[in-house]
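Participant: Those protein sequence lines, which keep their order, are chains A and B.
For the first sequence, this note's numbering assigns the number -8 to the initial residue and increments by one for each residue that follows.
For the second sequence, this note's numbering assigns the number -8 to the initial residue and increments by one for each residue that follows.
The reader is advised that the hints may include incorrect statements.
Same chains, same label: a pair holds when it works inside one copy or across any pair of copies.
List time: in silico EDC-like cross-link candidates among lysine to aspartate or glutamate, alpha-carbon distance up to 20 Å [as the list claims (entries may be wrong)]: (1) Lys275 x Asp7; (2) Lys257 x Glu294; (3) Lys275 x Glu34; (4) Lys260 x Glu34; (5) Lys219 x Glu6; (6) Lys274 x Glu6; (7) Lys212 x Asp245.
Hints listed in this document are in silico derivations from the structure and should not be mistaken for laboratory results.
Residue-level listing of the chains:
Number of protein chains: 2
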Amino acid sequence: MAGVTTASMQVYVVEDRAFGARAFSNLNEGYGKVLRYGAYGEEVLARLRWMNATLGPAVGEALARAGGLDMKAMIGRQLTMGDEGHNRNIAGSATFGRMLAPHLARVASGETLEQILRYFADNDLAVLNPVMAACKATMDAAHGIAESTIVTAMARNGTDFGIRVSGLGDRWFTAPAAVPVGLYFPGFSADDANPDIGDSTITETAGIGAFAMAAAPAIVKFVGSTPKAATAATLEMYEITAGENPAFGLPALDFRGTPTGIDIRKVVKTGITPRVNTGIAHKKPGIGQVGAGLVRPPMACFETAVEAMVALLEG
Amino acid sequence: MAGVTTASMQVYVVEDRAFGARAFSNLNEGYGKVLRYGAYGEEVLARLRWMNATLGPAVGEALARAGGLDMKAMIGRQLTMGDEGHNRNIAGSATFGRMLAPHLARVASGETLEQILRYFADNDLAVLNPVMAACKATMDAAHGIAESTIVTAMARNGTDFGIRVSGLGDRWFTAPAAVPVGLYFPGFSADDANPDIGDSTITETAGIGAFAMAAAPAIVKFVGSTPKAATAATLEMYEITAGENPAFGLPALDFRGTPTGIDIRKVVKTGITPRVNTGIAHKKPGIGQVGAGLVRPPMACFETAVEAMVALLEG
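Make a model of the complete structure from these sequences and hints.
Facilitator: Right under this line is the structure:
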């Protein structure tokens, strides 16, 4: 029998102070060879060890000194600075880094401090992970409401795409995941792509990411599209959502709130599936992220969920 | 006879590597009680002394360690992040601060480093001054071209608005300055406003600021206007400019380059004067900035300049 030991992993903790939900996320590793896309070489592990031993505790102390960070205000600000909060987080990451920096100066020093500040200087996704946790805490508050047809989680495991619905308990409604359409890093192509993977779709579930594409026209350049198409993407999502979030105003739409709360009934009725911005993982283990692009969940997830709701209400 | 001594002031130095021009600017003091808007109390002087003795040298060392900063790339990036580069510089300042931070960690430490990083965390105008110097270096390269009717500088001294024209030497064409229309800080109103002041109009001269308003719809909220009006402001400026700057693409206009190079002939012919985004100074000395808003130079500057060009060409 092998010896058993324990370890701990540094995570962001985001609290929904209105409803009491707490959500967690790891610290963002950046692009390319990263564990979350399947890379696990020595350089990946060394970076993760540094993040866990050095970066995480320093960021935690700095956040405590700063009195925490209002993620609702952060996301709202990002949307006025060209971020949609999923694939593009450069403005939010810069804002997060500059806000933490004076506090970090009191909890680390010298080369260690330089490396921590270098992490925030170079990682345009640094804020993505607390953003995802904020979206998770938000949507958890919407889960478990009787008869509600609002989607409270969307996630993919590289094989299937699954959704959870507020009034349908903890069941996942799944169907095979598609391969994203996108732009590949140099040396990679669509032949290398794995079907859609990851739980970052919690951003779209909460009304940002692809739903806030109108805020981030710079993204569409990467996929050969136009700013008009970015605005059209957001406008389409109003067709399948229950409300608009006044805290997340979209400048290009006269500060109209982001389309929020995917309603499975509207998805099935209109035939419009949610849009998702996402990274693309290599299909072979060990390589990591090879691109970024756009994808949609299969309609079957929503059809099965509607059928389950009908059965529940009739039963 | 009084004793004579010398002193030095820390300034940013921006070089135009294509044409050899160099331009300079002081370090930005932030909002409110600041020397550049006429405040000169002890707290203002203490801050300036700290900036000159501590902040400036540290930023200089950090910039040297970073190998300088490409201001053309910086401004281009700002325009994809909701800044227009004159009144709104929050994304650029965050980007500037995060890029300098790891270098600053090696040239200062402890409380001093914390204060320096606090400056970059809190001052949403930190990057404005190198941006202005970059605009000045750019427009100096366009100055002194025979028969050119392009405006190479616009500036105001609180009484008059003046312009210089490429083909008309060092002469300033002046007329009385207007009072900006804008939003006032709490406790102040239009009754407190001084006529337009400052040389930050070099930004509009180089095709950003009000000319890039389409990039910064969040600004117009402050003056009770709409994002559509922000785009219209930029579109109007194409009517009086000679070209479009492909390095400064505007997301809202499908990455069309900013309207650049005000032509005095087009101004007079169309009756459209340049738009200017600006801060507002209190009319009494010692108080400082009391608001921010929009203004236009008097048409007389452009009419006199066109007459001077006609006289030069006929003479």
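Participant: Each of the hints needs a verdict: does it hold here or not?
Facilitator: Hint-by-hint comparison with the structure:
no. : hint            : in the structure
1   : Lys275 x Asp7   : neither (38 Å within a copy, 48 Å between copies)
2   : Lys257 x Glu294 : within (11 Å within a copy, 60 Å between copies)
3   : Lys275 x Glu34  : within (18 Å within a copy, 61 Å between copies)
4   : Lys260 x Glu34  : neither (48 Å within a copy, 64 Å between copies)
5   : Lys219 x Glu6   : neither (36 Å within a copy, 37 Å between copies)
6   : Lys274 x Glu6   : neither (35 Å within a copy, 47 Å between copies)
7   : Lys212 x Asp245 : between (22 Å within a copy, 9 Å between copies)
Checked against the numbered hints above, the structure violates hints 1, 4, 5, 6; every other hint is satisfied.
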